[in-house]
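These protein sequence lines map, in sequence, to chains A and B. Numbered by numbering that gives the first Met the number 0, the letters in the first sequence go through residues 0 to 385 in order. Numbered by numbering that gives the first Met the number 0, the letters in the second sequence go through residues 0 to 385 in order.
None of these hints come from the bench; they were simulated from the model. Mixed in with the good hints, there may be bad ones.
[Stated by the list, open to error] With a straight-line Cα cutoff of 16 Å, these simulated EDC-like cross-link-like pairs (lysine to aspartate or glutamate) come out:
1) B:K81 to A:E297
2) A:K81 to B:D313
3) B:K81 to A:D313
4) A:K110 to A:E170
5) B:K81 to A:D298
6) A:K81 to B:E297
7) A:K287 to A:D344
8) A:K81 to B:D298
9) B:K287 to B:D344
Protein chains: 2
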Amino acid sequence: MTQSFSFVVKHRDGAARTGAISTPRGTIRTPAFMPVGTAATVKAMYPDQVRALGADIVLGNTYHLMLRPGAERIAMLGGLHKFMNWPHPILTDSGGFQVMSLSRLRTVTDKGVTFRSHIDGALYDLTPERSIEVQNLLGADIQMQFDECTAFPASREECERAMALSLRWGERSLSAFKSFAAPGRALFGIVQGGIYPALRAQSAEALISMDFDGYAVGGLAVGEGQPLMLETLQSAVPLLPSNKPRYLMGVGTPSDIVGAVERGIDMFDCVMPTRSGRHGQAFTWGGKLNMRNAAHIEDMQPIDANSACPAARDYSRAYVHHLFRAGEYLAPMLLSWANTHFYQDLMAAIRASIAEGTFAELASRVRAAYPSATVAEEAGPALSEV
Amino acid sequence: MTQSFSFVVKHRDGAARTGAISTPRGTIRTPAFMPVGTAATVKAMYPDQVRALGADIVLGNTYHLMLRPGAERIAMLGGLHKFMNWPHPILTDSGGFQVMSLSRLRTVTDKGVTFRSHIDGALYDLTPERSIEVQNLLGADIQMQFDECTAFPASREECERAMALSLRWGERSLSAFKSFAAPGRALFGIVQGGIYPALRAQSAEALISMDFDGYAVGGLAVGEGQPLMLETLQSAVPLLPSNKPRYLMGVGTPSDIVGAVERGIDMFDCVMPTRSGRHGQAFTWGGKLNMRNAAHIEDMQPIDANSACPAARDYSRAYVHHLFRAGEYLAPMLLSWANTHFYQDLMAAIRASIAEGTFAELASRVRAAYPSATVAEEAGPALSEV
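Isolated chain A, as found in the complex (with noise of 0.2 Å):
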């Protein structure tokens, strides 16, 4: 087991790149898509299922964790990847997205947050050094930097102010990382700066010169639309450094996710198989079903016969149907397993195309059987599994 934290890219098709990341706790196949376990726990799913799946890392909330069960608790009590049965590397964020999008009466300074508790109404302060210190407490693999990001849309002067925010934050962070962190830890910085290529090119430069461990973009899938993402990776991405791992926060949809890694990113995380699996929609190879659709009422086919997943092959949609419509734990159950193996399988996909040098016809396939919504289209701004 390595002691450190790596990064190599293996294959290129295009911008396209497959490699891995390697981290004390186990290496990471890019591109990766990341389980969120936002309460410690992918909503109504074993931790041993995530894993069979072909998952190699999920995603913490410091947010949520830190308010509870609290991040002295976690760590009394062994730590995140004790507490919640997984042995495999954990990211976590910042906490600085979900203070923004779920708590009550904040206030933003220079030297952080200010917040109440949306479960409780206490009173918090988040700074830069305090999610540093919490994601360490939780040990987290990899750890994300404070940041301030904005909601969409918003002024070229509110971005502009976030992300200088942001940098700030982001210089802070490292250095409390150096002080808190245990070796084979890994910092990410997040680049910021709206749809305003200038402003993210501003903020990749400052970002770079800090030298963090791998870079995210932030601040996207938040309502700008499918194309103006794109867009802004198209002109962000080429910025990075090639060496480095690179994040795209809270994305996406399948389309999302392959206009993405066409662009160069490497990592995703997103609420949406869970989620929508919660609600009943269900993620195959042929496109999106709503299995609460009458529909589906007497529907004898599995989600997809072809899944090598339990749960998308062995039962009816008339059975889920019939599960969503009594309010049985089975039906998220069931579709959070087969759309979590639908995210992996399609990872798995498109890293086996990146290294046969496919990637572009897999992608038009992806692009087929999901046309072109951003994952903010399509659950709304807030994605935090609350």
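Place chain B on chain A using the hints.
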């Protein structure tokens, strides 16, 4: 695979016995505990999990399934086994008990029961003939006669009236079964008569003369308490033929089960492991734990370090406590799994101890961990999984 229904007793230890029921869909080791799959799913579990824990048979509820998705629809979709992806034996109840406990505006006549659905208020008739028709549309391997179950307390007159009605309905159920049922399916009669030994004896005698494939004891664990329940079994069970399976309906706690096995009962069903699991209670060989209890907030121990079940063994109590507080799906998923494992483990231990002639020691151990409350005292009288 045998094509007929049969039962063999292999070992006896006092009145307790262990054996096997053979059905065309497989063998049921007795004493058996049947997990309850009300609406065509054992709540919060995958069917493969239920099977892997050692369950040879599950129970489906005629009342729930005839209302939603409908018996004719399930038949059209290939039957209940295929619908719920459970190719092993299934027992269905007659619907009578749940009509009484769940439906609205019910009217009982000699012909049957007219009631309104608790889901949408639609009007239904349920007669012995229709109950058997529904059970055969579902394709149940073991079917139950239509009966009227009295509440507790009920006067001797009321119990006698209901018992006599149940006998007439039993005769009509048997006659309908003979015309509807595929070969290899079985029909059980249900002994009624409340806590009155003379009524129980009269019921048993009349049912035996009709020659059912097995006999259930109904109308117990409805509030009478464990001592009165066991007393009733003590007098009623010896009246039943020793070469037919004996089923105590809706029971029970671990100590109810050992008390009933001690008196010659072979089959059980109860919502307790899954329902209690959804409410935070965990069953272990050391007794019951309430995972919602604040005492577990930083409790690093697993639910049961010696359990073979991952749910009981691989997650800390602190984590399960957190999942309940956060309202996560994984909370009921883990405890339904752990508790269903415990119940199947209990039955396996009961079967082994009878074969070895050490049942009394096992029974003492179970009683020490589970003092004598019955399932009705624990869970309230409405035992259906709504």
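Hint check results:
About 13 Å separates the Cα atoms of K81 (chain B) and E297 (chain A), which keeps this hinted pair within 16 Å; it holds. Between the alpha carbons of K81 (chain A) and D313 (chain B) the distance comes to roughly 9 Å, so the proposed pair stays at or under 16 Å and holds. Our distance criterion of 16 Å between C-alpha atoms is met by K81 (chain B) and D313 (chain A), whose separation comes to about 9 Å. About 13 Å separates the Cα atoms of K110 (chain A) and E170 (chain A), which keeps this hinted pair within 16 Å; it holds.
Taking the CA atoms of K81 (chain B) and D298 (chain A), the gap is near 13 Å; set against the 16 Å cutoff, the hint holds. The hinted pair formed by K81 (chain A) and E297 (chain B) meets the criterion: a straight-line CA distance of about 13 Å does not exceed 16 Å. As the CA atoms of K287 (chain A) and D344 (chain A) are separated by approximately 15 Å, the hinted pair is consistent with the 16 Å bound. With a C-alpha separation of about 13 Å, the suggested pairing of K81 (chain A) with D298 (chain B) holds against the 16 Å cut-off.
Annotation: proposed proximity of K287 (chain B) to D344 (chain B) holds, straight-line Cα distance about 15 Å (limit 16 Å).
The structure is consistent with each of the numbered hints, conforming to all of them.
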